[in-house]
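Mind docking chain B on chain A? Use the hints.
Just so you know, the protein sequences line up as chains A and B, in that order. All letters in the first sequence, in the order written, are residues 0 to 317 by numbering that gives the first Met the number 0. All letters in the second sequence, in the order written, are residues 0 to 317 by numbering that gives the first Met the number 0.
Treat each hint with caution, since some may be false.
Quick look at which bits of chain B chain A covers, simulated, 3 or more residues with Cβ under 8 Å [what the hints assert, rightly or not]:
#1 58 to 67
#2 91 to 101
#3 118 to 127
#4 134 to 147
#5 163 to 172
#6 214 to 227
Sample of chain B residues with no beta-carbon within 10 Å of chain A, all distances over it, derived [stated by the list, open to error]:
#7 Asn27
#8 Ile249
#9 Trp309
Because the hints were derived from the structure by calculation, they are not lab data. By construction, the Cβ of each residue, glycine as well, lies at the ideal position given by its N, Cα and C atoms.
Residues per chain, in single letters:
Number of protein chains: 2
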Amino acid sequence: MALHDRISDPPTDFFTDNKSPDSVHIWNPQITSFIATQVAKHRPMVLVTSGGTIVPLEKNTVRFLDNFSAGTRGACSAEHFIRNGYAVIFLHRQFSLLPYSRHYSHSTHCFLDFMDLEDDGAGGLRTVILAQYEEEMRSVLKEYKRAKQENSLLVVSFITVTEYLFLLRDIAQCMAPLGSNALLYLAAAVSDFHLPPDKMSLHKIQSHGGRRLVLDLEPVPKFLRKLVEHWAPQAMIVSFKLETEERLLIPKCRAALKSYGHQLVIGNLLDRRKYEVILVQQDSERWIRVSDGELEDILVPEVIERHKRWAVKMKSSI
Amino acid sequence: MALHDRISDPPTDFFTDNKSPDSVHIWNPQITSFIATQVAKHRPMVLVTSGGTIVPLEKNTVRFLDNFSAGTRGACSAEHFIRNGYAVIFLHRQFSLLPYSRHYSHSTHCFLDFMDLEDDGAGGLRTVILAQYEEEMRSVLKEYKRAKQENSLLVVSFITVTEYLFLLRDIAQCMAPLGSNALLYLAAAVSDFHLPPDKMSLHKIQSHGGRRLVLDLEPVPKFLRKLVEHWAPQAMIVSFKLETEERLLIPKCRAALKSYGHQLVIGNLLDRRKYEVILVQQDSERWIRVSDGELEDILVPEVIERHKRWAVKMKSSI
Chain A
0 MALHDRISDP
10 PTDFFTDNKS
20 PDSVHIWNPQ
30 ITSFIATQVA
40 KHRPMVLVTS
50 GGTIVPLEKN
60 TVRFLDNFSA
70 GTRGACSAEH
80 FIRNGYAVIF
90 LHRQFSLLPY
100 SRHYSHSTHC
110 FLDFMDLEDD
120 GAGGLRTVIL
130 AQYEEEMRSV
140 LKEYKRAKQE
150 NSLLVVSFIT
160 VTEYLFLLRD
170 IAQCMAPLGS
180 NALLYLAAAV
190 SDFHLPPDKM
200 SLHKIQSHGG
210 RRLVLDLEPV
220 PKFLRKLVEH
230 WAPQAMIVSF
240 KLETEERLLI
250 PKCRAALKSY
260 GHQLVIGNLL
270 DRRKYEVILV
280 QQDSERWIRV
290 SDGELEDILV
300 PEVIERHKRW
310 AVKMKSSI
Chain B
0 MALHDRISDP
10 PTDFFTDNKS
20 PDSVHIWNPQ
30 ITSFIATQVA
40 KHRPMVLVTS
50 GGTIVPLEKN
60 TVRFLDNFSA
70 GTRGACSAEH
80 FIRNGYAVIF
90 LHRQFSLLPY
100 SRHYSHSTHC
110 FLDFMDLEDD
120 GAGGLRTVIL
130 AQYEEEMRSV
140 LKEYKRAKQE
150 NSLLVVSFIT
160 VTEYLFLLRD
170 IAQCMAPLGS
180 NALLYLAAAV
190 SDFHLPPDKM
200 SLHKIQSHGG
210 RRLVLDLEPV
220 PKFLRKLVEH
230 WAPQAMIVSF
240 KLETEERLLI
250 PKCRAALKSY
260 GHQLVIGNLL
270 DRRKYEVILV
280 QQDSERWIRV
290 SDGELEDILV
300 PEVIERHKRW
310 AVKMKSSI
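If we strip away everything but chain A, and leave its shape as in the complex, we get:
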């Protein structure tokens, strides 16, 4: 396989038409320092992207277009990567689920229900975890604390699709020196359409007199090709494909592989995404199905196995 040198990013409409968001400059030092630490430890590293990306309809944003995603796949996968010795940059949509705390947020049970007040032996009360939840809480907390101690997780957040794309480019370029030890696991639900800044209303779009609202959205540039060719050409790249029609799933996964020339597409159907996914590569297709437990418990080790093979192949081709 031919390797592309890391070349400077060619000018494109999206990255020139849109102003680089402040968040890129704010996060960059933390990202750079996190990566340097991991390189020193010879850890494999994965960028996990997670959650939906919003498309604001106004500059002072009241309304926006969004993509369905609570961020479960990403948050859960991040924990499994860490458990398997990876350092994780978790690039997630603000307020979507986070590794570890996900066990207690977006839940039908409020986490306050896991607590009680008991006599502190000095005439007062103290907060305690109810006995029946203690074990699970302790196990989550242990993993969370270990990830912090070992500095194996960096959480970076975005809101809009523009922020997402700029941060993705920045992180991928920062990770490029890791070569094939870098894995990009792109589980975020990225909008296919956006409203360019020059078409965006400055203020809240007014509704009056029963008027309709007509939105004319432009396609979001296909960034995967750039990732493969320019931003992190030696990294293994895994993208996700969510469909609602079964007949389209495998053809769409194959089409993505063909268009972008990356290594793996994980396909899933909206209503069965928690129980089955398909791993589509150039020369193979493999379903993973679970009836209970977390699908990521099987999926992440499978992806890691493929990343190892990719790294061996890339190193032997140098």
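Same frame as chain A, but now just chain B:
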């Protein structure tokens, strides 16, 4: 003031064109029973709506239109109403902030950071709340437990604007027998536009070949008029108006009061919403401003004061 009898809901396009969502039938028994309990206790009651309302673009929803709202105003106000002796039905967008747990979610600090593992004295570890966070955690937990014990909070969730409108109608009609003891505090950010079911794609809208996406959205019916005239005609109704342009704020609040004939509009500007609001009534305008602390600490007692005056006025006019 003329009182409208509770009359049956007139046929309207929205409520006949859209199928009543399952959630209405699922929630109805809990809502009815909660209201009956409060009536027996002679408690004043408020419906607090909170969070954004989504407009799905597909029936198998991958993409949707949304309104900016984390649900802070609603969740915070609900706590203040309960503290002031009200029973609260909290109708909120799924995963938006909830009363009490809001202190620990959507936060820059993960709530797991408030905990630690300590020796349990028997060779193991147990989970404890860190001393520096104990007092605040205990105070939130106390209030949460009291609200549960006194059965003063019912949490109902919705996702789409259609679910929101059907649930609002159902809850308002269930509350109508409370007469002027009922308060409707409509803090949810309701979409002004929606896509009727017959215009909605069944499956995920496909993006290919760099095609644009043109959306033609219809106005959401102005439900406030129905609330005032038909659903809960004796209840005091408070609506919110969020604008991004200062010059539009008061005129838009006045226009809403005039159009719908309800009692109070609370206006706020997107970038100053945490620090100032304006209470606009037929014959008065009053700004509330805070430099620190929660604005709802002043706002909610002000609204309650007006609700009391409204109830006296309504009772004396019978």
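So, going through the hints one by one against the coordinates:
1. 58 to 67: Our answer is that it holds, as 9 residues pass the Cβ test (under 8 Å) against chain A, meeting three.
2. 91 to 101: As far as the stretch 91 to 101 of chain B goes, the hint holds, because 4 residues have Cβ atoms under 8 Å from chain A.
3. 118 to 127: holds (count 4)
4. 134 to 147: holds (count 7)
5. 163 to 172: violated (count 0)
6. 214 to 227: Since three or more residues must qualify, the claim that chain A covers the stretch 214 to 227 of chain B holds, with 5 doing so at under 8 Å.
7. Asn27: About 19 Å separates Asn27(B) from the closest Cβ of chain A, which puts it past 10 Å; holds.
8. Ile249: holds, 15 Å
9. Trp309: holds, 28 Å
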